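Engineer: Okay, here's what each chain looks like letter by letter:
Number of protein chains: 2
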Amino acid sequence: MSSGKSFKLDPKRDLVLERVVEVSRELVWRAWTEPEHLMKWFTPMPWKTVECDIDLRPGGLFRTVMRSPEGQDFPNLGCYLEVIKNERLVWTNALEAGFRPASAAEATSCGPFLFTGIISIEAHGKGTKYTAIALHGDEAASKQHAEMGFQDGWGTALEQLVAHAKTM
Amino acid sequence: MSSGKSFKLDPKRDLVLERVVEVSRELVWRAWTEPEHLMKWFTPMPWKTVECDIDLRPGGLFRTVMRSPEGQDFPNLGCYLEVIKNERLVWTNALEAGFRPASAAEATSCGPFLFTGIISIEAHGKGTKYTAIALHGDEAASKQHAEMGFQDGWGTALEQLVAHAKTM
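In the order they appear, the protein sequences are chains Y and U. Residues in the first sequence are numbered from 1 upward in steps of one, following the working numbering. Residues in the second sequence are numbered from 1 upward in steps of one, following the working numbering.
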């Protein structure tokens with residue numbers, strides 16, 4: 001990970017998925033930051049990502065809409081916090097675009113919990129060491145995220161990302 | 001204000017204090033970003049700011065402790081989001097240091113509402129055009145902040161800042 005870390009892990013409150021994948025970090029970065037690519041892998045099938053807005057700068061909007069197999073749509077609103085090309089992407093759903101706090105209604109119904117996501121990538125041989133982190137405000141939110149299947153969900157999405165990246 | 005704005009005002013949800021003050025923006029910046037100076041003006045008297053930690057970078061800690069005339073201490077935890085020297089300072093109490101979401105306990109007891117603060121300064125003759133903005137997630141939070149005395153509180157603090165800056 002970069003030496004200039006902007007965050008600090010707390011094993012009690014945070015969740016981490018770390019893998020080495022066989023695509024370049026440039027492709028991983030593009031898969032995370034270009035809507036037409038992100039929509040191809042972001043949501044474990046048979047769910048789909050049907051909308052995606054990316055304004056790639058601190059304070060910029062990160063919005064997706066996930067559609068369940070039954071056709072129900074689930075919007076996710078977030079704000080980018082740190083954008084270091086080919087190295088680290090940080091966003092949170094505790095803020096909306098323009099650094100505005102999420103509304104109380106959003107904050108309590110949101111996903112249903114608040115987290116800050118960090119994707120950290122570094123070159124590893126011909127591939128990439130990929131680290132996905134979710135920071136939470138307390139242990140309860142972390143536990144809930146874990147029980148909702150953080151490892152399986154983010155792991156399956158990563159496998160989909162790699163499969164898609166090989167076609168890019 | 002800078003052309004590269006990272007936020008967008010919403011009259012229904014945001015509060016704005018705009019004044020021209022007769023000290024340079026370099027002094028205003030230092031008064032906001034150096035703990036020994038901030039502690040001198042930040043809290044309308046007879047309240048006091050008795051502790052202050054500033055880690056001046058996106059993701060860095062902004063922490064103060066205010067003491068009431070009765071001696072009760074009120075800590076405030078926040079996270080810097082944007083730091084553009086002598087131009088714009090943005091932080092929020094919706095996040096803690098390292099971009100971590102505020103804990104649910106903190107988020108519901110916090111101040112008692114969440115906001116993102118923006119201090120925007122630009123040269124104006126020999127003085128400074130000073131704009132302080134509080135972004136809220138919804139109208140209820142904005143109304144509550146207004147009723148708690150945003151205009152008077154931030155205005156009085158600014159007068160204290162100017163008086164202190166003249167001694168710097």
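Honestly, I wouldn't trust all of these hints.
Okay, derived cross-link-like pairs now, DSS-like style, lysine-lysine, Cα gap no bigger than 27 angstroms in a straight line [what the hints assert, rightly or not]:
1. U:Lys143 <-> U:Lys126
2. Y:Lys126 <-> Y:Lys166
3. U:Lys126 <-> U:Lys12
4. Y:Lys85 <-> U:Lys129
5. U:Lys48 <-> U:Lys143
6. U:Lys166 <-> U:Lys8
7. U:Lys143 <-> Y:Lys8
8. Y:Lys12 <-> Y:Lys166
9. Y:Lys166 <-> Y:Lys40
10. Y:Lys40 <-> Y:Lys8
11. Y:Lys85 <-> U:Lys85
12. Y:Lys5 <-> Y:Lys85
13. U:Lys143 <-> U:Lys85
14. U:Lys85 <-> Y:Lys5
15. U:Lys5 <-> Y:Lys5
16. Y:Lys12 <-> Y:Lys126
17. Y:Lys48 <-> Y:Lys166
18. Y:Lys85 <-> U:Lys48
Chain Y stretches covered by chain U per the calculated footprint, using a threshold of three residues with CB under 8 angstroms from any CB of chain U [to be verified]:
19. 23-37
20. 135-145
None of these hints come from the bench; they were simulated from the model. Since the model is a prediction, treat every value here as computed from it, not as a measurement. All C-beta atoms in this analysis are idealised placements derived from N, C-alpha and C, irrespective of residue type, glycine included.
Engineer: Give a verdict on every hint.
Structural biologist: For each hint, the structure was consulted:
Taking the CA atoms of U:Lys143 and U:Lys126, the gap is about 35 angstroms. The hint is violated against a cut of 27 angstroms. Taken as a hint, the Y:Lys126 and Y:Lys166 pair is honoured in the structure, with Cα atoms around 13 angstroms apart against an allowance of 27 angstroms. Proposed proximity of U:Lys126 and U:Lys12 is contradicted: the alpha carbons are some 33 angstroms apart, above 27 angstroms. This hinted pair does not check out: Y:Lys85 and U:Lys129 have alpha carbons roughly 35 angstroms apart, beyond 27 angstroms.
Annotation: proposed proximity of U:Lys48 to U:Lys143 holds, straight-line Cα distance about 25 angstroms (limit 27 angstroms). With a C-alpha separation of about 32 angstroms, the suggested pair U:Lys166 and U:Lys8 falls outside the 27 angstroms cut-off, and the hint is violated. Proposed proximity of U:Lys143 and Y:Lys8 is contradicted: the alpha carbons are some 35 angstroms apart, above 27 angstroms. This hinted pair does not check out: Y:Lys12 and Y:Lys166 have alpha carbons roughly 35 angstroms apart, beyond 27 angstroms.
With a C-alpha separation of about 12 angstroms, the suggested pair Y:Lys166 and Y:Lys40 falls inside the 27 angstroms cut-off, and the hint holds. Annotation: proposed proximity of Y:Lys40 to Y:Lys8 is violated, straight-line Cα distance about 31 angstroms (limit 27 angstroms). At most 27 angstroms may separate the alpha-carbon atoms for a hinted pair to count; Y:Lys85 and U:Lys85 meet this at roughly 23 angstroms. Only pairs whose Cα atoms come within 27 angstroms are accepted, and Y:Lys5 paired with Y:Lys85 is accepted, the gap being roughly 14 angstroms.
At most 27 angstroms may separate the alpha-carbon atoms for a hinted pair to count; U:Lys143 and U:Lys85 exceed this at roughly 31 angstroms. Only pairs whose Cα atoms come within 27 angstroms are accepted, and U:Lys85 paired with Y:Lys5 is accepted, the gap being roughly 21 angstroms. With a C-alpha separation of about 25 angstroms, the suggested pairing of U:Lys5 with Y:Lys5 holds against the 27 angstroms cut-off. Proposed proximity of Y:Lys12 and Y:Lys126 is contradicted: the alpha carbons are some 33 angstroms apart, above 27 angstroms.
Proximity of Y:Lys48 to Y:Lys166 is assessed by CA-CA distance (about 20 angstroms); at most 27 angstroms being required, the pair is judged to hold. In summary, the hint linking Y:Lys85 to U:Lys48 is not supported, as the alpha carbons are separated by about 43 angstroms, beyond the 27 angstroms threshold. Here the region 23-37 of chain Y counts 0 residues with a CB under 8 angstroms from a CB of chain U, which misses the bar of 3, and the coverage is violated. Counting residues of the region 135-145 of chain Y whose C-beta lies closer than 8 angstroms to any C-beta of chain U gives 6; at least three are required, and the coverage claim holds.
Hint compliance for this structure: hints 1, 3, 4, 6, 7, 8, 10, 13, 16, 18, 19 are not met, and every other hint is.
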